[in-house]
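Go by the hints and put chain B onto chain A.
Below are the chains, spelled out letter by letter.
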Amino acid sequence: MTGLTKSFNDKPVVDGVSLDIPGGVVYGLLGPNGAGKTTIVRMLSTLLKPTSGTARVNGFDVMSDPIKVRKSIGVLPEDTGLYDRLTATETLEFYGGVQGLSGDFLQERIEGLLKMFELFDRRHDRVGKYSRGMRQKLALARALIHDPPVLLLDEPTLGLDVMSTRAIRDYVKNVAKEGKTVLLTSNNMYEAQLLCSSVTILNKGAIRASGTVEELEAMSKAKGLEEVFVNLVRSESGA
Amino acid sequence: MPRARTIKLVAKKELIDILRDRRTIITALVVPLLSFPLMFGAVGFFANPTSNPSPVLIVNSDGGNVSSSLQQALTSTPGLVVSEASSANVTGEVQGGTYDVVLVIPAAFSSAIASGGSANVTIYFDPNNGRAQTGASLISGVVGAVSQGIASSRLQQKGVTAADLSPIGVATTPIGKVQSAGTSIAASLFPTFLLYFTFLGGFYFMVDDIAGEKERRSLEALFSLPPPRSEFFLGKYLVAFALSMITAGLGLIGTVFSLSELNIGGGQSAPIISLGTLPAIFGITVLAALSLSAVGFCISTFAKNIREAQQYMSPIFLVLFIPIYVTAFLPPNELAQYATIPVLGYTLLMRDVIIGTATVSEAVFSLAANLLFLGVVVWLGLRLLNSEKVVLRSS
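Protein chains in written order, with our numbering: chain A, 12 to 250; chain B, -14 to 380.
Keep in mind the hints are simulated off the structure, nothing from the lab.
Some hints here could point you the wrong way.
[Said to hold, decoys possible] Lysine-lysine pairs mimicking PhoX-like chemistry, simulated, CA-CA at most 20 Å apart: (1) A/Lys22 / B/Lys374; (2) A/Lys191 / A/Lys79; (3) B/Lys374 / A/Lys60.
[To be verified] With the C-beta cut set under 10 Å, the calculated list includes, among others, these residues of chain A facing chain B: (4) Phe19; (5) Pro77; (6) Lys82; (7) Ile84; (8) Val86; (9) Pro88; (10) Asp90; (11) Thr91; (12) Leu93; (13) Glu101; (14) Gln110; (15) Gly111; (16) Ala150; (17) Ala154; (18) Leu163; (19) Asp165.
What you are looking at is a predicted structure, and each value in this text was computed from that prediction instead of being measured.
Backbone N, C-alpha and C define an ideal beta-carbon position, used for all residues, glycine too.
Bound conformation, chain A alone (with noise of 0.2 Å):
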């Protein structure tokens, strides 16, 4: 990202953020609520056009190649937003058909993403009926059915119960252990620091630190991240 910059209205909801993720790591974007993390999420994800600034993800710049930048992302919103009345396999097998794919190969890599997210016994329930953590995971395997390179998960964990949490923290850890980068927004400070190998807090959709977790404590004398971000919000409303 070089200078992104999103404005509603007039008014930066993101200001000119420069952030380089390398591939293969768990990247946490933090933040107070509306410091601009689901922004950034959404111009990643080619559903906002940038004000200003440029992204490039997987190589592809988000302006002249969204196609190819969208064939590149698995996007978990912070809202699952799953189809109700579709089963399990229905929902995946709609993804995968929309990614290019089919046949055996996407029966396989549903079966696969079933077993591994726990949902394989209830594949053929209608969602509607799944708990908050089942659908968080199904919505975790939607974005992971085309196995793409890079992963944008916003928020993943809010509101799920502790063994939901844990596990969708496990899925994140093995996912990063297969090569692929995840972008993951965050306000629980202890999750970023359990998973995330460097950090960005934001803050008023502007970059206020960046760093890995060591770096940041470092830097701003305090221990854990969530002094580290408590200290810096602080100290950027004058409190």
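Leaving out everything else, chain B in the frame of chain A:
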């Protein structure tokens, strides 16, 4: 060029979704098939004196020959169930609902008429009761006929003929292509009903679709997929169109059944709509379904959520249908000048096709104007779908 694969996948997904939604099935399939047969059937049953006869009480204080003949004529009249009494609380019988109509024949009624004079009978009924009105009307008719018979007999005795009493007659000769009352009714009803059902078929689907996806926040995941949004639009549009056509077809079957089997329109052996006109009616319905589905999609795409889509849909539904209702009051020779008005053009053309007065120029103007309208609406729908402000706004 849009890829057929994505369109097919989206359409399949939408169809699975619809087939599991009872609300859409009832609106799109059950209502159009049953509403008109039920409506016309119920109206036909209750409005027909044979199936719903009027209970009548004759209070005969006379007992002479003329009153006996009158009573006999009334008893044999279909649509009346006649009872007799020599005295009764007339007002109470009507107000209490025991009888729809009470006919009072006074004493010395027959002797007054037999002596060449006149006498009155009195009919009591509640004018707020539709069946009582029909019964009273039937009784008036029978009394008039008996009276006419007596008058003719008296005039014959005096050497006066019917020509003496009615020297000028009136003969009516209908000019035009309408062959039957049924066809005439079909010509005024079909276009309205077909377009109504066309809109109704896709209504809930369209309201629920893009606006519903916004509300359920599923658009974000959908639009993060590689295909351009036009392919998703086409898949959804295809389903809305198919639903509209299915609903129109079922509505057509229901209406034809109502008009023929239920004997609405006088009953005749000739088909109400000529088979030769069906391809033209089908073609016009296809275009109307495409236009109305596109209008629905624009509204659904623009709305923030399902509730807002419904709020927009209802007035637009009315606005669209005002000109259609107007069609029934326009004489055929004035129709062509309105043919270029979107949607109205379809109803006018369909009406003219049914009665056989459609001209090539009317068809060309109507189709051209409506195709242009369709193009503009589809373009607008695609623009709205590509607008991030519109797509991401939700409550």
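Evaluated hints:
no.: 1; hint: A/Lys22 / B/Lys374; result: 14 Å, holds
no.: 2; hint: A/Lys191 / A/Lys79; result: 17 Å, holds
no.: 3; hint: B/Lys374 / A/Lys60; result: 11 Å, holds
no.: 4; hint: Phe19; result: 8 Å, holds
no.: 5; hint: Pro77; result: 9 Å, holds
no.: 6; hint: Lys82; result: 5 Å, holds
no.: 7; hint: Ile84; result: 7 Å, holds
no.: 8; hint: Val86; result: 4 Å, holds
no.: 9; hint: Pro88; result: 4 Å, holds
no.: 10; hint: Asp90; result: 4 Å, holds
no.: 11; hint: Thr91; result: 8 Å, holds
no.: 12; hint: Leu93; result: 7 Å, holds
no.: 13; hint: Glu101; result: 6 Å, holds
no.: 14; hint: Gln110; result: 7 Å, holds
no.: 15; hint: Gly111; result: 8 Å, holds
no.: 16; hint: Ala150; result: 7 Å, holds
no.: 17; hint: Ala154; result: 8 Å, holds
no.: 18; hint: Leu163; result: 8 Å, holds
no.: 19; hint: Asp165; result: 9 Å, holds
The earlier numbered hints are all upheld by this structure, with none contradicted.
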